[in-house]
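Visitor: So you can see what is in the structure, the chains are spelled out below.
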Amino acid sequence: MSATTAAVPFWRAAGMTYIGYSNICAALVRNCLKEPFKSEAASREKVHFSVAKWADGKQEKPSESPILSDPPSPSPHSWLLSRCFRFAWLVLGFVRMGTDLRI
Amino acid sequence: MKPRPPTPASIPTKLTVNFVLPYKSEIDNKEVDMVIVPATTGQMGVLPGHVATITELKPGVLSVHEGNDVTKYFVSSGFAFVHANSVADIVAVEAVPVDQIDPSLVQKGLAEFTAKLGSASTDLEKAEAQIGVDVHSALNAALAG
Numbered sequence: 001m002s003a004t005t006a007a008v009p010f011w012r013a014a015g016m017t018y019i020g021y022s023n024i025c026a027a028l029v030r031n032c033l034k035e036p037f038k039s040e041a042a043s044r045e046k047v048h049f050s051v052a053k054w055a056d057g058k059q060e061k062p063s064e065s066p067i068l069s070d071p072p073s074p075s076p077h078s079w080l081l082s083r084c085f086r087f088a089w090l091v092l093g094f095v096r097m098g099t100d101l102r103i
Numbered sequence: 001m002k003p004r005p006p007t008p009a010s011i012p013t014k015l016t017v018n019f020v021l022p023y024k025s026e027i028d029n030k031e032v033d034m035v036i037v038p039a040t041t042g043q044m045g046v047l048p049g050h051v052a053t054i055t056e057l058k059p060g061v062l063s064v065h066e067g068n069d070v071t072k073y074f075v076s077s078g079f080a081f082v083h084a085n086s087v088a089d090i091v092a093v094e095a096v097p098v099d100q101i102d103p104s105l106v107q108k109g110l111a112e113f114t115a116k117l118g119s120a121s122t123d124l125e126k127a128e129a130q131i132g133v134d135v136h137s138a139l140n141a142a143l144a145g
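Protein sequences appear in the order of chains A and B. Residue numbers are given in our numbering: position 20 of the first sequence equals residue 20, and the series is strictly consecutive. Residue numbers are given in our numbering: position 98 of the second sequence equals residue 98, and the series is strictly consecutive.
Here chain B stands alone, though its shape is the one from the complex:
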């Protein structure tokens, strides 16, 4: 394994991003200006020189900003690790470009899980229905912009 790059003396101009999924490496050691991650505490912007952070991600949009280009992915859940040396590692189970999402299936899912949430009896059923509502609402928001 390669050792991690050391923390530089002054804040670097670029953030190095690694974005991995179980089945592929989506972004590998790419230098970008900023990433916005969907943390459980809200959208978090990571710039070079960000304080070292570990954050859990909620279903939402991850955007990678490089110059004028913005690449958006919908992330199902995962973690983001920001290191003191301006390297950001993002690990997710499932991440798709936003244009691969089917709006009609999202609406159908949202209606289905909202109904399930209303009729759920056990804690586990309620939790599963709540997860369904959260994920589909996030998908909806991602499609809206």
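For reference, chain A alone in the conformation it holds in the complex:
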């Protein structure tokens, strides 16, 4: 069995996923915009959610809903949620086009 020798991008070698890399790129670009475009982009990309821990089958008090603007390294819980929201962009793009992707 041959070992995989495919060249991986530097970010994947460092443990980042494509969606993480893509979101970091997008956040950096948004940071370099002129006003008012910068504030419009920031308000557009805000994510609201609340996190609640479960113990013994009961839901504990949900935490204060954090307002995140594309956080680079948030807490473990919000990481997964924000990644789920973010991955929707790829799907949204195709839905928006209104056609299927049969090649």
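Honestly, the hints are just simulated from the structure, not real lab data. Some hints here could point you the wrong way.
In silico DSS-like cross-links for lysine-lysine, where the CA-CA straight-line distance does not exceed 25 angstroms [said to hold, decoys possible]:
| hint | chain 1 | residue 1 | chain 2 | residue 2 |
| --- | --- | --- | --- | --- |
| 1 | B | LYS58 | A | LYS34 |
| 2 | B | LYS108 | A | LYS34 |
| 3 | B | LYS14 | A | LYS34 |
| 4 | B | LYS14 | B | LYS2 |
| 5 | A | LYS38 | B | LYS14 |
| 6 | A | LYS38 | B | LYS108 |
| 7 | B | LYS14 | B | LYS72 |
| 8 | A | LYS38 | B | LYS72 |
| 9 | A | LYS61 | A | LYS46 |
| 10 | B | LYS58 | A | LYS38 |
| 11 | A | LYS34 | B | LYS72 |
| 12 | A | LYS38 | B | LYS2 |
| 13 | B | LYS30 | B | LYS72 |
Since chain A is already given, all that's left is putting chain B on it; use the hints.
Guide: Quick look at chain B alone, frame taken from chain A:
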């Protein structure tokens, strides 16, 4: 969903472009002469009749050529799909017209991330700093022309 248009027998004269972002449809079914996409393998020109391709995009300038008009967007990353029927679908997370970019913020960012790259210790820090340098260099190049 509408079915995709079939592959025509002869090469069409125009390329149909769809350029979408998560929050809006930037170009919807527009017929153009050519698009140049910033693929990871370099600037790629797509003309009508281009071979079917899927390519990942790197931060760079996407230009749409229609007659004498050229519209340029800076794309943060994404994918471009060229189909056999001369339809090009471009999906990006963030795309801005080049004139919405602030040159002073780009210079500041480039200096900041170049410094971070020098002082980074873990692989992840190095990767993040490298991404910062790549994106800001691409922004710089886009502003230069």
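Visitor: Between the alpha carbons of B/LYS58 and A/LYS34, is the straight-line distance 25 angstroms or under?
Guide: 22 angstroms, holds
Visitor: A/LYS38 and B/LYS72: Cα distance at most 25 angstroms?
Guide: 19 angstroms, holds
Visitor: Given the hint that A/LYS34 pairs with B/LYS72, test it: the Cα-Cα distance must not exceed 25 angstroms.
Guide: 17 angstroms, holds
Visitor: Please work out if A/LYS61 and A/LYS46 have their alpha carbons no farther apart than 25 angstroms.
Guide: 23 angstroms, holds
Visitor: Can the restraint linking B/LYS14 and B/LYS2 be considered satisfied, given a maximum Cα separation of 25 angstroms?
Guide: 20 angstroms, holds
Visitor: Taken at face value, is the distance from the CA of B/LYS2 to the CA of A/LYS38 at most 25 angstroms?
Guide: Violated, because 35 angstroms separates the two Cα atoms, which is more than 25 angstroms.
Visitor: Run the distance test for B/LYS58 versus A/LYS38: straight-line Cα separation, threshold 25 angstroms.
Guide: Holds, at about 21 angstroms.
Visitor: Would the pair B/LYS14 and A/LYS34 pass a check requiring their Cα atoms to be no farther apart than 25 angstroms?
Guide: Violated, at roughly 34 angstroms.
Visitor: Check the hint pairing A/LYS38 with B/LYS14 against an upper bound of 25 angstroms on the C-alpha distance.
Guide: 35 angstroms, violated
Visitor: Below or equal to 25 angstroms on CA atoms is what counts here, so check B/LYS108 against A/LYS34.
Guide: 14 angstroms, holds
Visitor: Tell me if the straight-line CA distance from B/LYS14 to B/LYS72 falls inside 25 angstroms.
Guide: 19 angstroms, holds
Visitor: With the threshold set at 25 angstroms, check whether the alpha-carbon distance from B/LYS30 to B/LYS72 stays at or below it.
Guide: Holds - the C-alpha atoms of B/LYS72 and B/LYS30 are around 15 angstroms apart, at most 25 angstroms.
Checked against the numbered hints listed earlier, the structure breaks hints 3, 5 and 12; every other hint is satisfied.
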